[in-house]
Amino acid sequence: MQINTLPVYSKLADAAAIPAEVAKNLPKDWQLSQHQIETYAALCNNDVDVVINTAMTGDGKSLAGLLPFLSNRQHNGILVLYPTNELIQDQYASAITTLPRWNIASNQATTIFGARLDEIYADVEQLSRAEVLQRELNQHRLTLSNPDILHAILQFHYQQYGRSPSHIAGQIAMLFDQLTFDEFHIFETPQVTAILTGLLFLKTQSKELKTLFLSATPSPEVMRLLDRVGLKAGLIEPQRQGWYHHGSDPGKEWRPILQGSHIHFAETTAEEWVANGGDQIILNWFREHRPAAKAAVIVHSVATALRLVDRLKPLFATEGLTVEANTGITGRTIRKESYDADLLIGTSTVDVGVDFKINFLVFEASSAGNFLQRLGRLGRHTNFIDRHHHEQQFQDFAAYALVPSFIYERLFNAIDGQTDPLISDATYTREQLSQKVQEIFPQPTRFEHYTRTWGRFVPAKVIQTLTSKPLKASFQSVTSVLFPAYTKLIQGKIGDAISEWRTRQANQEELLITEALSFRGGSPFDCGLIKDDEREVVTYDLFWLLANAQLELLSQGAFCDRVRQMGKSDLAYQRGFQKFFFRWHGLRTQRELVTIILPPIVTTWSSERYQTAQVLPGIQVDCAGHEFLNELNRRLINQRCVGLVVPAYDPQQLRRKLYLPPSIHLFPYRADSDDAGIQMGTIAFGRDALLLDSRLQARPLNTQCDKPMIY
Numbered sequence: 003m004q005i006n007t008l009p010v011y012s013k014l015a016d017a018a019a020i021p022a023e024v025a026k027n028l029p030k031d032w033q034l035s036q037h038q039i040e041t042y043a044a045l046c047n048n049d050v051d052v053v054i055n056t057a058m059t060g061d062g063k064s065l066a067g068l069l070p071f072l073s074n075r076q077h078n079g080i081l082v083l084y085p086t087n088e089l090i091q092d093q094y095a096s097a098i099t100t101l102p103r104w105n106i107a108s109n110q111a112t113t114i115f116g117a118r119l120d121e122i123y124a125d126v127e128q129l130s131r132a133e134v135l136q137r138e139l140n141q142h143r144l145t146l147s148n149p150d151i152l153h154a155i156l157q158f159h160y161q162q163y164g165r166s167p168s169h170i171a172g173q174i175a176m177l178f179d180q181l182t183f184d185e186f187h188i189f190e191t192p193q194v195t196a197i198l199t200g201l202l203f204l205k206t207q208s209k210e211l212k213t214l215f216l217s218a219t220p221s222p223e224v225m226r227l228l229d230r231v232g233l234k235a236g237l238i239e240p241q242r243q244g245w246y247h248h249g250s251d252p253g254k255e256w257r258p259i260l261q262g263s264h265i266h267f268a269e270t271t272a273e274e275w276v277a278n279g280g281d282q283i284i285l286n287w288f289r290e291h292r293p294a295a296k297a298a299v300i301v302h303s304v305a306t307a308l309r310l311v312d313r314l315k316p317l318f319a320t321e322g323l324t325v326e327a328n329t330g331i332t333g334r335t336i337r338k339e340s341y342d343a344d345l346l347i348g349t350s351t352v353d354v355g356v357d358f359k360i361n362f363l364v365f366e367a368s369s370a371g372n373f374l375q376r377l378g379r380l381g382r383h384t385n386f387i388d389r390h391h392h393e394q395q396f397q398d399f400a401a402y403a404l405v406p407s408f409i410y411e412r413l414f415n416a417i418d419g420q421t422d423p424l425i426s427d428a429t430y431t432r433e434q435l436s437q438k439v440q441e442i443f444p445q446p447t448r449f450e451h452y453t454r455t456w457g458r459f460v461p462a463k464v465i466q467t468l469t470s471k472p473l474k475a476s477f478q479s480v481t482s483v484l485f486p487a488y489t490k491l492i493q494g495k496i497g498d499a500i501s502e503w504r505t506r507q508a509n510q511e512e513l514l515i516t517e518a519l520s521f522r523g524g525s526p527f528d529c530g531l532i533k534d535d536e537r538e539v540v541t542y543d544l545f546w547l548l549a550n551a552q553l554e555l556l557s558q559g560a561f562c563d564r565v566r567q568m569g570k571s572d573l574a575y576q577r578g579f580q581k582f583f584f585r586w587h588g589l590r591t592q593r594e595l596v597t598i599i600l601p602p603i604v605t606t607w608s609s610e611r612y613q614t615a616q617v618l619p620g621i622q623v624d625c626a627g628h629e630f631l632n633e634l635n636r637r638l639i640n641q642r643c644v645g646l647v648v649p650a651y652d653p654q655q656l657r658r659k660l661y662l663p664p665s666i667h668l669f670p671y672r673a674d675s676d677d678a679g680i681q682m683g684t685i686a687f688g689r690d691a692l693l694l695d696s697r698l699q700a701r702p703l704n705t706q707c708d709k710p711m712i713y
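First residue of the sequence shown: 3, per my numbering; consecutive thereafter.
Be aware that one or more of the hints could be misleading.
To be verified - In silico lysine-lysine, BS3-like type, Cα no more than 30 Å apart, as pairs:
1. K474 / K234
2. K209 / K234
3. K30 / K359
4. K26 / K254
5. K254 / K30
6. K490 / K234
7. K13 / K234
8. K26 / K13
9. K209 / K26
10. K471 / K209
11. K359 / K315
12. K359 / K254
13. K13 / K254
14. K359 / K13
15. K13 / K30
16. K581 / K570
17. K495 / K474
18. K570 / K315
Hints listed in this document are in silico derivations from the structure and should not be mistaken for laboratory results.
Hey, can you work out the whole structure from these sequences and the hints?
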């Protein structure tokens, strides 16, 4: 089955409607879209705290957010937050070419993220990381960073000797007139709660501070939360305002932003599609369209991406075509080279990453969100510069959407209670397709109870810090404002959260609070990984590595020695965040099952300990093919971690039962007891455990676990 989508045009702003201060500085050959000047007006409106721009992918949302800074030399500056470090660096490259066009020196822009702070810190003497951070913030008016750094600042993690714990946090509102959060839709409830906690604090420091959320598909939950805490929002919605035209070129008052495309649908996975002739479909595209052809394949799994690279690279080389990977485990050099390859094979790293230019796309889709995000990569550009530095013009655009069977059936067959199905070979607007996709895909679990269960500790940390002895008197007026605002945010009492915090500290359960306070959470078992074949060092999750890679276990010292031999800094690996250290020896031919081994005492737990996030004293793992497993388990058994145990459900059953998104990682577990037999079920770790806890507290599953499940 296939459909066609129409080209999309964005309404240009009437020259007479462009504010004088913007028109004065606007480069001569630039034209602004209507949504861009409306965004500028909203950011200048004293009655608006937060602006949300929902313009389509490729319609210049980022430029819209920069207009107050570009147009006003008195503007203090903007802190722009991107979800990936790769996107930070890509947007920085764009910024240093854009600023001079507006008569602003390119050195007004800088980047701040963990690895960059490490580089600067290693090059300077007698400065702490907090002092390096403060210096960078002070010296640049356009700072590109990630929300993790901002969250750490606003949770008072960066502190300077001799200054109050709140110094750098309080400086943010003084140094910048605006915060911009790009790709805001990818953040889930924990991140939204953390961001709003920070914004409410910053508004007490500067009422004039503006915030901009950029998202083509914002969650309705965001608007509800903004309203709940009293932040006034301004919505810029080009779709509803009639600022998009679908179809033939409507004339000079419009700008093309998306090309028309042919979209094929298949009920399969990427590996099956390639094995059943998809490789030849891609090759034929290049044969018919070269030299004006570039393609991408976006899949769910890193292992799938790497296997596809291994399979397609030699085949495509016979045609003089290059294939490169872009995944979370791919080193920085290869990731950069992937954008110049004829065929890029990536994962979610390219969903919201660098704006690459393609005219052929194959993508797996498991949700409405990643369907629309991935399809949005196609049709944004009409040309590219090839490896010979020649400009090539794209003529046609095509995509293959690979979806689950039940989604395929819903898309093309009439089902009671739904709108008309798609008709093969028919033509639709991108908006019509978007509406259909959002209707067809089930809505994943939203974890709406997270804010009042675990999210509440983020504002509690702010209050606890500001009411501590050194700060209490000077911040009394601030906390009097924050207490009611935070109470509305979490729909509960901050005092109760602080009390529970103290109780958990007394019970040696502070790991739970530490996890709740982190911005994105993460793997409790991050590992350092040396990839000699790429001369790169990356950090990745232990369980994925065990399941998918051939590995050599290293000591921390041997690992750091090798990192230095590669000419790289080992500073990040000396801090102790990584639990284990490995050398990569290649991808396994097939994935091996990783089973978590829990201690026998788990089989004797009472029912209330199941389905509850808790601190586990240690675990072990079982996975075939690793000679070092005994040594690994000797270390793991003493590693305390946050976990949640659900007996009687295997991971697939639990995922289906709760309709959990792919971002929630579940593992099978086994607990052996001489007295009680063998208990089996599912376990989650870290932030995933907290999210599941919030869901299961509200609606627990019947696992019949008053007695151990014996197999």
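Quick rundown of the hints versus the structure:
1. K474 / K234: Holds, because 29 Å separates the two Cα atoms, which is no more than 30 Å.
2. K209 / K234: Holds, at about 12 Å.
3. K30 / K359: holds (26 Å)
4. K26 / K254: holds (22 Å)
5. K254 / K30: Answer holds: K254 to K30 is near 16 Å, not above 30 Å.
6. K490 / K234: With Cα atoms ~15 Å apart, K490 and K234 stay inside 30 Å; holds.
7. K13 / K234: Judged against 30 Å, a Cα distance of about 27 Å means the pair holds.
8. K26 / K13: holds (21 Å)
9. K209 / K26: Given that 30 Å is the threshold and the Cα spacing comes to 28 Å, the pair holds.
10. K471 / K209: holds (26 Å)
11. K359 / K315: holds (20 Å)
12. K359 / K254: The hint holds at about 25 Å.
13. K13 / K254: At roughly 9 Å apart (the allowed maximum being 30 Å), K254 and K13 satisfy the hint.
14. K359 / K13: OK: K359 and K13 at ~23 Å, within 30 Å.
15. K13 / K30: Holds, because 19 Å separates the two Cα atoms, which is no more than 30 Å.
16. K581 / K570: holds (20 Å)
17. K495 / K474: Given that 30 Å is the threshold and the Cα spacing comes to 19 Å, the pair holds.
18. K570 / K315: This hinted pair holds, its Cα atoms lying about 29 Å apart.
Of the numbered hints given earlier, the model fails none.
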